Amino acid sequence: MFNRPWRRAAIAAVGVLTLALTACSSGESNEGEDLSANRAGAMEKYAVGDQFKATEPLNFTILYNNHPNYQLKEDWLFWKELKDRTNVTFTPTAVPLSDYEQKRSLIIGAGDAPFIIPKTYPGQEGPFVASGAVLPVSDYLDLMPHFKDKIAKWNLQGDLNTLRQEDGKFYLLPGVHENVWIDYSVAIRTDILEKLNLKVPGTWDEFYNVLKAMKAAYPNQYPFSDRWSKPTPGGALFNVMGSTFGAPGGWGYNNATWDDKAKKFVFTGAMNEYKAMLQFLNKLVKEGLMDPESFTQADDAATQKFTSGKSFVISTNAQTLINEYRPGLAKTDPAAKVVKIPVPVGPAGDVKAGSRLENGVLISKKARDSKNFVAMMQFIDWLWYSDKGQEFAKWGVEGVTYTKDASGKRKLAADVNVVGLNPSGTKHLQKDFGFFNGVFAYGGTSELLQSFFSEEEQVFQKAMNAKKTLPLPPPRPFNADEREQANLWETPLKDYVMQQTLQFILGQRDFSQWDAYLGELKTKNMTQYIDLVNKAHERYKSKHGG
Amino acid sequence: MVAIDSKVIERKAESILEAPRPKGHRVSRGYRVFQVFNGIILTIVVVVTLYPFVNIVARSFSEEGYIRSGQVNLIPKGFNITTYRIVASDPTFWVNYRNTVVYTVVATVIAMFMTTTYAYVLSKKHLRGRGLLIGLAVFTMFFSGGLIPHYVLITSLGMKNTIWAIVLPNAISVFNLLVMKAFFESLPVELEEAAAVDGMSTYGILWKIVLPLSKAVIATMVLFYAVSFWNSWFSAFLYMDRIDLFPVTVYLRNLIAGATGASQTGGVTSDDVTAAAANIQSVTMVLTTVPILLVYPFIQKYFVSGVMLGAVKG
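Listed in order, the protein sequences are those of chains A and B. In this text, residue positions in the first sequence follow our numbering: the first is 1, and each later residue adds one. In this text, residue positions in the second sequence follow our numbering: the first is 1, and each later residue adds one.
This is chain B alone, in the form it adopts within the complex (with noise of 0.2 angstroms):
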C-alpha cells in the first residue's frame, strides 16, 4: 500500500517534468521553432560547462611543456600517467582523502538526521509554538554573528581539532531544511491520521509512515548535503590545526590557490619555490571530482523528481 504511494508520486513528478505531447495534436511551428533553438542553447551550455572538466583531464595527462606552451585542449598531448604516480605516492594526500570521506559520511548522517526531524516537526500545523521554530531557522539565514565570535565558540566548546567541530556547526541547512519542510506538509494528513487511529506513535508514523514515502525528498537530500560537505574546506581550514586532519580540499586549494597567488603578488623569493608542476593541479583536481560525479548517475532520478516534490505541491 505504501510503496504503491510512493511510486505513485514519483511517477507524478517524472510525467511533470517529461510532460509528453498528447498523442495526436500536431506540433505547432513556433513550438518546432523553440525546440531548435532549445536544443542549440543547452548543447551551447553543455559544451560550456563540459569543456573545462575535459580539459583538466586532458591536462592531468599531458607532458609539462604542452601545458605551459598552452598546447592542451581536449585531448592529451605527450600522454603519460607520471602525475598520477607522484600525487598517488603522497601519504598526505591519502590522509586528507580519507578525512574527507568520513567527514562527508558522518556530516551527512548528522545532517540527515537533524534537519528531517526538525522539518518533520516544523511541518506540523498544529504544534505550538511553530512561528518561533521557524523564525529561529530563518534568523540564522540573514544574521551570524560574524567570524571571531564563531571560532571563539567552537574553540570554547572544546571542539577545534575534532570532527565535530566541522560536522556539528553545519549540521542544518536552512534551504534544506525548508525544501524538506514543504515536501511533508504536502503529504496527505489522511495518512497519519489512520495510522494514528490505528495506534501508532508519533515515532511509529514518520518511521515507518512518512520516511518510506520521502525516499525522493531524502535522496535529494542526500545529495545536497553530501557534495556540499565534500566540496566545503573553510570549516576544516578554521578549526583544524594539524594537517593530517584537513579534507583533500583544504589540500587542493593550497596546492592550487598557493601556487597562483604567490606569483601574482610577486611575493615569491627563491628561498620558498612555487613550482607546483602545472599538471599536478590538474591531477589532483581530477582525483577530487571522481567520487562525487560518481555518485550523481544513481541519485539523479530520486534528484530531480525530489526537487519538483518540494516545489509544487499538491
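The following block holds chain A by itself, in its conformation from the complex (with noise of 0.2 angstroms):
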C-alpha cells in the first residue's frame, strides 16, 4: 500500500538529480549569446534614464525576506504601483528573515529556486557558485544600462573586483553605494565631557586622555565597557579601531590583508598595525579604563551599564543610539546626553576602509532559459540601480507617501512616518506601503541614503565622508583545491588570533611573547596559507589582470 507513492517520490528524487547534474554540466561561454528566444516582454530600446515598461504583463518568482517588523502584504501600495509603471508583478516565496540562508541553501539546493534571490550578502554565494546553480550576471552586464552607468561613474570596478570568482565572473549584482558608508563608532556621554571640561576626542591618543580623566573623576567606575562582543570578540570596536590602525579586527578581520607598499597579502593577526592596536587597548585594560568583561559580556549586559551610569563609552551605530541608548539613559539619568562621535584618528592617518558593496541579488541559471529573461534584466536594473527605481523602493510615491520642495529636498508625507522622522504620522512607510523595504532598497546615492537620516546623523556622516577611502585589496580567488586547503587552515588561525588578540589585551600574555605568537602561527600553517592566498592573487593577476 505504501509502495506506490514511495516509488514515485524516488523517481521524482531521481529526476531531480539529473535536472540538477545536467544543469551542471551545461555550456561554460556566454560570450555573443544569443537572446534572441528570450526577448519576449522586453524593451526594444532600453537606456539610461529610460523608464522600464514590460511590453506585455509579467510575473516573476522571487525570494522574500519577511521582516518582522513590516509582514509582507499583498495590498501595498508598493506592488500596485510597481505593476503601473513596470507591468511586472511578482510571485514571492515568504521566507522568515530569522532563518532566511537557512531556506536560501536549501531552496536552491533542491532546485527549487525563484528566480530572483535578493538579500545575499558579498561571499555568501561562493556554495552557490560552487554548484552552478546561479548565474554568471557579469556576463549580462549589457542587458543592464543603469548598473554599468554607475560602475562607470563611481568608479566601482575595483569593489566589483572582489566579486570575481576564480573564472573572472561575478556571480552577485551587489547593490553599490556611491561612498563607503560607516555606521558604527562609539558613543560617549557628552555631559559628562563637559562636566570634566573635556572635549570631544579626535584621535585615539585623545581618546586615552578622556578615559583617563573620566577614570579620575570617578575612580570607581570603568569608563569604557563595550558591546557587540558575542560571538566575536570586539566585533564591532575591533573592526573601527583597526581599520585607523591600519589592521581591521572584530567583524572585520580577514586572515589576509593587502600591504599596499609590498603589493602583496600579508597575514594580519601578525601584522605591527595589528600589535599596536593590541597594545593600545591592553593599556586601556591595565589601567582600569576599559572594563576587561567587554569582550566577554552580553549586549544587554554592556547596555545596561551604560544606561545605568556605570560606564560613559560603548560602542554604537545610528540605530541603537536613538533606539537603546537614548530611552535608557532618559529613564536613570533625564539630564544625560550621548552622541556618536566619528571614528577618532588612529596611525593610520585620517583613513576609512570599506567596500562601497551591500547584499544584492542573485539569479536562478534556470532564468537564463525563461523567454522573459532580457526583460528581467531589464526590470532589475530598473528596479535596483536606476536613480528612479531607487528613489521609488525608498521613498514611494510622490504626492502620496513623500512630497518634493523646489530644491530637489524630499519630505515624507504629513501622516507617513519611518524611523521617527515623522513622528506625528500616523501611516507607516514600511507597514502600511510596502517602501523602505530591505528586499528592494538598498544602495543608492549619497544624497539618497542620507535623506533619511537624522540631522545628527547626516553631521557624523559628513565626518566621516571627509576621511580618505583607503584602497580595497585586489581580486584572490581560489580555484576549488586551494578553496578546500584554505578551508582547513582559515578557521583554527583566525580562531587563534582570536584567542590570542584577547589574551595580550587582557594582560594574560605579555608582550614580549610577541614573537613567539609568531612562531606558534607557522606552526599553525600561516605562511603556507598566506603563500597559496598570494599565489591566487598572482594568478588571477596574470590571467585577467589588475
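If you're looking for bench data, these hints aren't it; they were derived computationally from the structure. Only a predicted model underlies this, so the values are computations on that prediction, with no experimental measurement involved. Among these hints, one or two may not hold up.
As the list claims (entries may be wrong) - Below, computed lysine-lysine pairings styled on DSS-like, alpha-carbon distance capped at 27 angstroms: (1) K160/B x K73/A; (2) K77/B x K310/A; (3) K45/A x K153/A; (4) K275/A x K263/A; (5) K160/B x K366/A; (6) K195/A x K215/A; (7) K337/A x K77/B; (8) K77/B x K331/A.
Fit the two chains together into the complex; they arrive one by one in their own frames, and the hints show the way.
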C-alpha cells in the first residue's frame, strides 16, 4: 500500500538529481550568445534614464525576506505602483528573516529556487557558484545600462573585482553605494565631558586621555565597557579601531590583509599594526579605563552598564543610539546626553576602510532559459540601479508618501512616518505602503542614503565622508582545491588569533612573547596560507589583469 | 466493570508516585535530612524555571526605557498594555495564531490515530513480521534522508503550501509509539481473550475494551503531541511559502531571532531598521505560551500516571 507513493517519490528525486546534474554540465561560454528567444516582454530600446515598462504583463518569482517589523502584505501600494510603472508582478516565496539563509541554501540545493534571490551578502554566493545554480551575471551587464552607468560614474570596478570568482566572473549583483558608508563608532556621554571640561576626542590618544580624566573623576568605575563581543570578541570596536590602525579586527577580520606598499598579502594577526592596536587596548585595560568584561559580556549587560551610568563610553551605530541608549538613559538620568562621535584618527592617518558593496541579488541559472530573461534583467536594472527605481523603492510615490520641494529635498507626507522621522504620522511607510523595504531598497547615492538620516547622523556622515578611503584589496579567488585547503587552515588560524588577541589585551600574555606567538602561528600553517593567497592573487593577475 | 479496572490502574500509579509512608513507622533522621535538602533543591529548581517566565511577563507590561536600562525584574515598571494592543492589532499575528491552533488540532488527531493503531498492532506478540515493523519505526530514529531529499519528496508529492506538509511527516513519533506499545503490552491479555470469546471483533476489542482502559496513556500522548506541534516551526518554515500559512511560532521566532541576530552580525543597515521593541517580543511570547500552559493543569493527573504506567510494567 505504501509502495507506490514511495516509488513515485524516488523517481521524482532521481529526476531532480538528473536535472541538477545536467544543469551543472551545461555550456560555459556566454560571449555573444543568442538571446533572441528570451526577449518576450523586453523593451527594444532601453538606456540610462529610461523608465522600464514590459511590453506585456510579466510575473517573476522572487525569494522574499519577510521582515518581522513589516510583514509582507498583498495590498501594499508598492506592488500596485510597480505594476503600473513596469507591468511586472511578483510571486514571492516568503521566508522569515530569522532563517533566510538556511531556506535559501535549501531551496537552491533542491533546485526549487525562484528566479530572483535578493538579500545575499557578498561572499555568501560562494557555495552556489560552486554548485552551478546561479547565473554569472557579469556576462549580462549589457542588459543593464543603469548598473553599468553607476560602475563607470562611481568608479566601482575595484569594488566589483572583490566579487570575482576564479573564472574572472561575478555572480552577485551587489547593492552599490556612492561612498563608503560607516555606521559604527563609539558613543560618549557628552554631559560628563562638559562636566570634566573635556573635548570630544579626535584621535585615539585623545580618546585615551578622556578616559583617563573620567577615571580620575570616577575612580570606582570603568569609563568604557563595550558590547558586540558575541560571538566575535570586540566585533564592532576592533573593526572600527583596526581600520584606523591599518589592520581591521573583529567583524572585519580577515586572515589576509593587502599590503599596498609591498604589493602582496600579509597575515593580519601578525602585522605590527595589529600589535599596535592590541598594545593600545591593553593600556586601556591595564589602567582600569576599560572594563575587562567588554570582550565577553552579552550586549544587554554592556547596554545596561551604559544606560545605568556605570560606564560612559560604548560602541554604537545610528540605530542603537536612538533606540537603546537614549531611552534607557532617559529613565535613569534625564540630564544625560550621548552622541556618536566620528571614528577617532589612528596611526594609519585620517582614513576609513570599507567596501561600497552591499547585499545584492542572485539570479537562478534556470532563469536564463526563460523567454522573459531579457525583460527580467532590464527590470532588475531599473528597480535596483536606476535613480528613479531607487527613489521609488525608498520613498514611494510622490504626492502620496512624500513631497519634494523646489530644491529637490524630499519630505515625508504629513501622515506618513518611518524611522521616527515624522512622529506625528499615523501611517507607516514600511508597514502600510511597503516602501523602504530591505528586499528592494539598498545602495544608491549618498544623497538618497542620507535623505533618511537625522540631522545629527548627517553631521556624523559628513565628518566620515571627509576621511580618505583606503584602496580595496585586489581579487584573489581560490580554485576548488585551494579553497578546500584554505578552509582547513583559515578557521584554526582565525580562532587562534582571536583567542590570543584577548590574552594580549587582558594582560594574560605579555607582549615580550609576541615573537613566540608568531612562531605558534607558523605551526598553524600561517606561512603556507599566505603563500596560497598570494599565489591565487598572482594567478588571477596574470590571467585577468588588475 | 471496565471503568472500575481503569480506575484501579490509575490509583495504583498514583500510589507509586506519592508513596505515602506507612502509619506508625518512625521517620528516620536520614530521611528527614533528605526531605529538607530535597525541598531546598526543588525550590531552587522552581525559582530557576519560573523566574525567566515571570520576568517575561513583567517585561511585557513594562515601558521600553525601563527594559533597556535593565530595571525590570519580577514586577513591571511603568505599567502599560500598549504593546498588547499593538500586537493584538496585527492581523498577521492572529492569522498565524489560528494556523497554529488548526495545525495542532489536526496534527494531534492524525498522530493519535496513527500512533495508537500502530502501537496496538506492535503490542501483539503473536503478530508475524512484528520485529520488522518495529525495526522500520526504530530505524527512523537513527537515520533520516537529510534535509534536501526530504524537501524534494514533500514538494514532489505536492504537499508544499498545504497543511499536509506539516501534519503528515511528523505523524508518528517513535518515542511515543514505543511508550504506547509498552503500555498496551502491560494490559492483561485475559481481558481481550474474554472479549474475543464473547464474539467481539479485533476493532471492537480495540475500541471498546483497550482504549477505555488507556485513558491515561492517551491523555499523555495527546499532551506530548499537542505541545510538540504547538511549539514546532521547522516544517512550516520549510514547506510554507506564504505568510498567511505560517504558524505563530514562525512569527515569534522571526520577531526574536530577527531582531537580535541582525544586531549581532552588524548586518543591520539603516535601510533595514530592526528595532523590534523589547517588549513586543515578551508580549508575543506570553500570548504564544499561555494557551498551551493552560492545558497542562487539566491533563496533568493523567500525564503523571500515564508516564508511570508506560515505564513500570505489570
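List of violated hint numbers, smallest to largest: none
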